[in-house]
Structures are given as structure tokens and as C-alpha cells.
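So the protein lines, in turn, are chains U and X.
Under my numbering, the first residue of the first sequence is numbered 9, with each subsequent residue one higher.
Under my numbering, the first residue of the second sequence is numbered 12, with each subsequent residue one higher.
Since the hints were made in silico from the structure, they are not lab data.
These numbers were taken from a predicted model, which means no experiment stands behind them.
For every residue, glycine included, the Cβ atom is placed at its ideal position computed from N, Cα and C.
Where hints are given, some of them may not hold.
List of simulated lysine-lysine pairs, DSS-like, C-alpha gap at most 27 Å [as the list claims (entries may be wrong)]:
hint, chain 1, residue 1, chain 2, residue 2
1, U, K226, X, K103
2, U, K200, X, K73
3, X, K48, U, K135
4, X, K48, U, K133
5, X, K73, X, K48
6, X, K44, U, K198
7, X, K73, U, K198
Here chain U is said to cover these stretches of chain X; the calculated rule only asks that three of the stretch's residues, wherever they fall, bring their Cβ under 8 Å from a Cβ of chain U [as the list claims (entries may be wrong)]:
hint, segment
8, 41 to 49
9, 55 to 63
10, 75 to 82
11, 115 to 121
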Amino acid sequence: MLFDYITDQEDVSATFPQKRKELDVVSGSLLSFLITGERVIYPSGTFWISKDSGRYSSNSYVVYLYIASTGEVESLLTRENPFYILPIEPLKSTYAPGKGDWTIPTWKNTLIDNFQNNYSDTIRKIKETSKLQNNWNSYNAVNISKTTRLRANNFLFELFRLLNFKHIVLPKPFVVACPNGSIQFEWDIKKKELEVIIPYSEKKDISFLRSYKDDYEKGSIKDPTELLEYLIWLIQNAE
Amino acid sequence: MSPMSERIKNTIKIIDVEDDDDLYRRIHPHFQKENGKISSAVFKQRNPYLSIDVAKLTTPEKSLANSPDFGLASIVTRSVRNLSLKVYHQPKIDSYAHGIIEGNITDATAKKLTNYARLVI
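Here chain U stands alone, though its shape is the one from the complex (with noise of 0.2 Å):
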């Protein structure tokens, strides 16, 4: 996946494996706490955001973590992402608590905060798929994996991410989960629609469904990019 979209303060403990020297594609989260300043806690202890940490390249962030239990300073660094445009100038410094006069440098992505904002109720959909328990809908339905909420969280936020370029605004899709584990988007404007699958496994293709009264087309893609013209198709022009 382009990046690993976090939404809350425990996927953000679990995305940081002590020994790791990288990290994916910088997320919301860590950019949130690059703004907050706060102090993370995680399974092997608390670590604050070292004033070194900053801008790496106009794709990367350098974080340097200083590990409260050990004393140590860890360096992560993000992987460089073509598709993914970094913020150029820093918004506000802040200090971090307890722990002398460490600075923070902050940025803020607005992509990122617009989705959040303006999807907040699309991305609790998602994640409310996670209450639903094997055999929720009395036929043998499996319940909905954390990987396959966060697959579809990065794929609508991509969609979004594209379309925003283009200056069009996505509209919210309704959630469902199917009773195989997948996620279901489904747009439904006037007498169009569309569907797109998150599959339960990361070895099967996206689909896709447009229909329009009795005319039915489906697809398989392997990028968001290729559902750009179905999302124009559906928001365009629309009866």
C-alpha cells in the first residue's frame, strides 16, 4: 500500500516496532503527534520526538525517537514516495514535556486533515465494521480484519487524493461488509451507481460494479488511479 493510514493513539503504538530502522509512508498520526508534541507511550516504553527530527527530502520525513527505558536515540526514516507531496514550510514549533527543551518541528498536512474531516464519519463506518462478529448476519459471515479496514481506509483516501487534483470532490460512499470479509463502497447518484470491493486478501484485485438501469460493467484494477474515470462517469452529468 502507498502508505499505512492510521486513525487512532493504538494503531499508532503498533506501528512502531522498536528495533525498526524504517518507516512506511509517513502517516496521519505521526504527523499528528509531530504537531501535538506529545509524548507517545508504547509497548516497550515512552519515547519522545528528538528536535533533530525534520524534513529529510521534499518526500521524507527523519524522525529521531529518544527511548525514555534506554536512553538511546533511534533514527527512523520514511521511505520516499513519489505520490505523496510534502508539505514545504513548517507551521508552528512546540516543546515536548519532561524531558529538557526538546523541539519539535511540526508540519501540518491539510490532505490529510481535509479527509479526516470532512470523511469522519466514513472512516468510523470502516472502523465500526470491526464490531461485526463471525456469523453477524445470521448466514456465516466472517468478521472484517484490521488489515482489510486499513486497505480500505488507504484506498478511499487515495481516491480522494486523486480527485482532489483534479478539483473534484469525491463524494462519501456508504460501508458495507460483505460476508466473505471484504469492504464494500457503494455510490448511489441518481440512476448511477457504483461498487468497489476491498478485498478480505491482499492477493485478489479490487472490483468493481457500475451500473446504470439494466446496464451492468465489471472490473478488476490494480491502482486507484484506474477507477478515476468510473468516479467522473458517476459524479458527472448526473440525471
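Once you've looked at the hints, dock chain X against the given chain U.
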């Protein structure tokens, strides 16, 4: 047919599901949209078949007895068979009205089934 089903068949009367018979499918609240429509995921399968209740052998209330918060969709058997799917009565120990929709239910087929269905509850 499984041995259990074979024994059931021999002791319980299996009825023919006629084209005009209604079929019930339970709808989890999660599938219900704000505009009153239901998601096509209602008719998506995990098994090689879809379970239904043959309406003439039960009541809406009985179909929902174990799922009181669910809705109920009804679809005419003819509509299902017109999609090249098979429909037949297959009683279970705990549900005499139980039946099967069998066949390759693609995403488009599930969508069509949804369009043909009507909400009972």
C-alpha cells in the same frame, strides 16, 4: 446432497418451490441505507449458495425469530431463476422453511437480486 440432508429428505417432506413463490432473506441493519434501499451485499455469498426461507412455509416473524433487529427482504422465485440460478427447498433441523439459491452469484447478479427484492420488514 449430504448424508444428513438425505436422511432429512427421506423423513421430511420436500416441497417444490414454484416460480410464483416468495423467498425471504434476512437483512442485518448494517445493510440498510438511509434512503431505504439495501446493499447488494445482502445477496453476496460466502458459501456456494445463498440461504433463504420459502415464504409459504413460514411467516416473516418466524424468519426473524432469532434475529429480531433484522429486516426482511422478499424476492419472487421466478426473478431468481431468470438469472440462471437454482432454487429449491432444503429443510434444516431447526428450520423447515429453509431453502437454497444455488449458482454463480456474481457482483452483478447480487445487484440484480437486490433490485428485484422488496422489503417486507
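Hint-by-hint comparison with the structure:
no.	hint	in the structure
1	K226/U with K103/X	violated (35 Å)
2	K200/U with K73/X	violated (36 Å)
3	K48/X with K135/U	holds (22 Å)
4	K48/X with K133/U	holds (18 Å)
5	K73/X with K48/X	holds (23 Å)
6	K44/X with K198/U	holds (15 Å)
7	K73/X with K198/U	violated (36 Å)
8	41 to 49	holds (count 5)
9	55 to 63	holds (count 6)
10	75 to 82	holds (count 3)
11	115 to 121	holds (count 3)
In this structure, the earlier hints numbered 1, 2, 7 are contradicted, and the remaining ones agree with it.
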